[in-house]
Amino acid sequence: MMRRELVLRRRIGRGIQARHLGWALVAIGLLASMAALVYAYNHEQDDVNGSPVSTRWCANQALPCSDVVTWSLNTSASNVNTTGGVPVQTAIQAAFTSWAQASLNGQLMTGLSFNQGADSSQNAPNASDCVNVIGFTDPTASDFSTGTIAFTSLATLSGTPPQQSSCSSGATVSCPLPSCIVDADIEFNPSDTFSTAPVTPTNDFDLQAIATHEIGHLLGIDHSGLASAIMFAFGDAGIVPTRSLSIDDVLAAGSIYPSANFPLTVGTLNGTVTLSSSGIFAAHVVVTDADTGAAVTDGLTNSDGTYSIFAPPGTYQVIALPLSGVYNLGEFAGWACGYEENGPPCCDPTSDPSCTAAALSPPSNYSGKFH
Amino acid sequence: MTAKIRLACLAFALGLFLAGPVRGTTLVRLSLDQLTQASSNVLLGHVVSQVSQWNAGHTEIVTFTTVSVDQNVKGNTPSTIVVEQLGGAIGHLHVKVPGTVHFFQAAKYELFLQHAPSQASTYLLVGMMQGAYRIYRDPRTRQERVVSPEGYFYQGAATGNSRAASAPATVPLAGFQQQVSAALAKPIVIPAGAQIPLIVRTASFNGVGRVLVEAQTVADVYPNRNVVIPAGSLVDGWGSQVSGRWIIHWTSLSIGNRQARITAMSRAVPGVSLPGERFIAVTR
Numbered sequence: 077m078m079r080r081e082l083v084l085r086r087r088i089g090r091g092i093q094a095r096h097l098g099w100a101l102v103a104i105g106l107l108a109s110m111a112a113l114v115y116a117y118n119h120e121q122d123d124v125n126g127s128p129v130s131t132r133w134c135a136n137q138a139l140p141c142s143d144v145v146t147w148s149l150n151t152s153a154s155n156v157n158t159t160g161g162v163p164v165q166t167a168i169q170a171a172f173t174s175w176a177q178a179s180l181n182g183q184l185m186t187g188l189s190f191n192q193g194a195d196s197s198q199n200a201p202n203a204s205d206c207v208n209v210i211g212f213t214d215p216t217a218s219d220f221s222t223g224t225i226a227f228t229s230l231a232t233l234s235g236t237p238p239q240q241s242s243c244s245s246g247a248t249v250s251c252p253l254p255s256c257i258v259d260a261d262i263e264f265n266p267s268d269t270f271s272t273a274p275v276t277p278t279n280d281f282d283l284q285a286i287a288t289h290e291i292g293h294l295l296g297i298d299h300s301g302l303a304s305a306i307m308f309a310f311g312d313a314g315i316v317p318t319r320s321l322s323i324d325d326v327l328a329a330g331s332i333y334p335s336a337n338f339p340l341t342v343g344t345l346n347g348t349v350t351l352s353s354s355g356i357f358a359a360h361v362v363v364t365d366a367d368t369g370a371a372v373t374d375g376l377t378n379s380d381g382t383y384s385i386f387a388p389p390g391t392y393q394v395i396a397l398p399l400s401g402v403y404n405l406g407e408f409a410g411w412a413c414g415y416e417e418n419g420p421p422c423c424d425p426t427s428d429p430s431c432t433a434a435a436l437s438p439p440s441n442y443s444g445k446f447h
Numbered sequence: 387m388t389a390k391i392r393l394a395c396l397a398f399a400l401g402l403f404l405a406g407p408v409r410g411t412t413l414v415r416l417s418l419d420q421l422t423q424a425s426s427n428v429l430l431g432h433v434v435s436q437v438s439q440w441n442a443g444h445t446e447i448v449t450f451t452t453v454s455v456d457q458n459v460k461g462n463t464p465s466t467i468v469v470e471q472l473g474g475a476i477g478h479l480h481v482k483v484p485g486t487v488h489f490f491q492a493a494k495y496e497l498f499l500q501h502a503p504s505q506a507s508t509y510l511l512v513g514m515m516q517g518a519y520r521i522y523r524d525p526r527t528r529q530e531r532v533v534s535p536e537g538y539f540y541q542g543a544a545t546g547n548s549r550a551a552s553a554p555a556t557v558p559l560a561g562f563q564q565q566v567s568a569a570l571a572k573p574i575v576i577p578a579g580a581q582i583p584l585i586v587r588t589a590s591f592n593g594v595g596r597v598l599v600e601a602q603t604v605a606d607v608y609p610n611r612n613v614v615i616p617a618g619s620l621v622d623g624w625g626s627q628v629s630g631r632w633i634i635h636w637t638s639l640s641i642g643n644r645q646a647r648i649t650a651m652s653r654a655v656p657g658v659s660l661p662g663e664r665f666i667a668v669t670r
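One line per chain: the protein sequences are A and B, in this order. Counting from 1 along the first sequence, just add 76 to a position and that's the residue number in my numbering. Counting from 1 along the second sequence, just add 386 to a position and that's the residue number in my numbering.
In isolation and in its complexed conformation, chain A is listed as follows:
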């Protein structure tokens, strides 16, 4: 059991990058056992030649990419209760606006803008049509197991650029980056009822809040482990959701689609998490407000134990949580060590002489081989 622990306080000034912290930090087992796991604000990533690469919208664009995304709505939405609220389209537009106006300290953090295309009659996700549709009538029962309120299907094209693919319309889509989003569809469970009212009725789900979450996925943002984030995956019945972005969400969007203000407004917390002088891979680093204790944002360490986390000006505590015993290096790397009573252990052959597993180079693919 790792016993050393340390809580550091760092102050980030406007536009100032915090220096390398150079610390060793491991939290106690109690904390480790209570911590959310690998989720930070996370980018959706693709494995490109063995390296994880964040994806974004840039298909059929010249570099530098613009931050414009076009979406369409299937207006058949009989399961949306607009009594006392706004029309469906208005609620969806408001959700997009939240991301377009993602701000910190009054400064826009992204260059995102959204165009609403012609209404669509598409009623199920289509990853090959290169049209981004939001719908409420997906008839595919296997798309919604119990507990699923909505989902986003995000298609990415990745590889050594430029990569090309064909849309079902016959058009060609080309990606000038290692990874581009080429299609995204959002489907709301047709068996659930959504509401646009300011106070969500019992048994309904707030349309704008859910849409804002799903649009985060449409932008290439994965789930966050912070309950205060719009990108947190779970909700509890009976809790009124909020519709606005948290700092964690804003940083996620800004880190993918940065405005000119972004690097001037946020600083970077850099450091290394070590144990016995060795860097720890995939330690969960959480940045908390020094005054309130609220978790502001978080991240994971790289294969050498280093981390780099954006944060707005403020005073923070940084806490690192080990994932040892829960997640192993081999799992992130896609090794086939998994669970086998008599099989090879999950271990790092570069540091453990007894390890018989094959080394992965570079050992940084979070998504592994399996879907």
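Calculated from the structure, these hints are not laboratory results. All C-beta atoms in this analysis are idealised placements derived from N, C-alpha and C, irrespective of residue type, glycine included. Don't take every hint at face value.
Partial list, computed: chain B residues near chain A (C-beta under 8 Å) [to be verified]:
no.	residue
1	476
2	479
3	485
4	503
5	507
6	510
7	563
8	617
Sample of chain B residues lacking proximity to chain A, with all beta carbon distances greater than 10 Å (derived) [what the hints assert, rightly or not]:
no.	residue
9	415
10	478
11	482
12	511
13	616
With chain A's structure known, arrange chain B on it following the hints.
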């Protein structure tokens, strides 16, 4: 560890889970009670293989993960089953659906499943990632432990902001199995005031002016943290004709292969044929 750091750590842990109201969400957080109720099958198994392919319409990539069944906990399955999930990678195109499970090859899982409508031996994960608890053997203690898909365990039965009931991210498999067994043994109690939308499937003659009615729920209903009524659950009752209109008394609800008694009443418009009629049954 100093008291100050203990306090900071505790504040952090609580802050992580109790930080403000819940935001947008993809998934309803299911308690273990709800997971077991919504599951047609609960089993221990290990991943054998996986394949991703386009669906018939070439509109979506679907991934099928073959699992060898080591032990059935609820229901019976063939020795191998297939878990179907939307998304997957083919060539340079990768369809991602956040909330799906990234299975590890050869890894062991406890799975909470419901039948997929497509094929008999194909299943869906209940609550997407919530239905897959990965099992690993602690390298130090050699104890088998399960990893909560949420990063921590929700143990149910909390009121208000239920995240206060968060528990550790991993627990011993044996203890978890006991919790699952306890959840399976609990009677299902539908609380008063639950609003259950349903559609009548059949109404069969049961004497003059009296019919037996079978209906199906048309939406997932979460009356509280202990109960989920999945869409498609069967509801039974009987109807009698009074002044030309049917009055239906709903008496039981089947969730999977388990039944719960309910008391609710619906009134149909006079002269209407019951099959195909939709009601919202409010339990008393």
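For which of the previously enumerated hints does the structure constitute a violation, in increasing order of number? 1, 5, 7, 9, 10, 11, 12, 13
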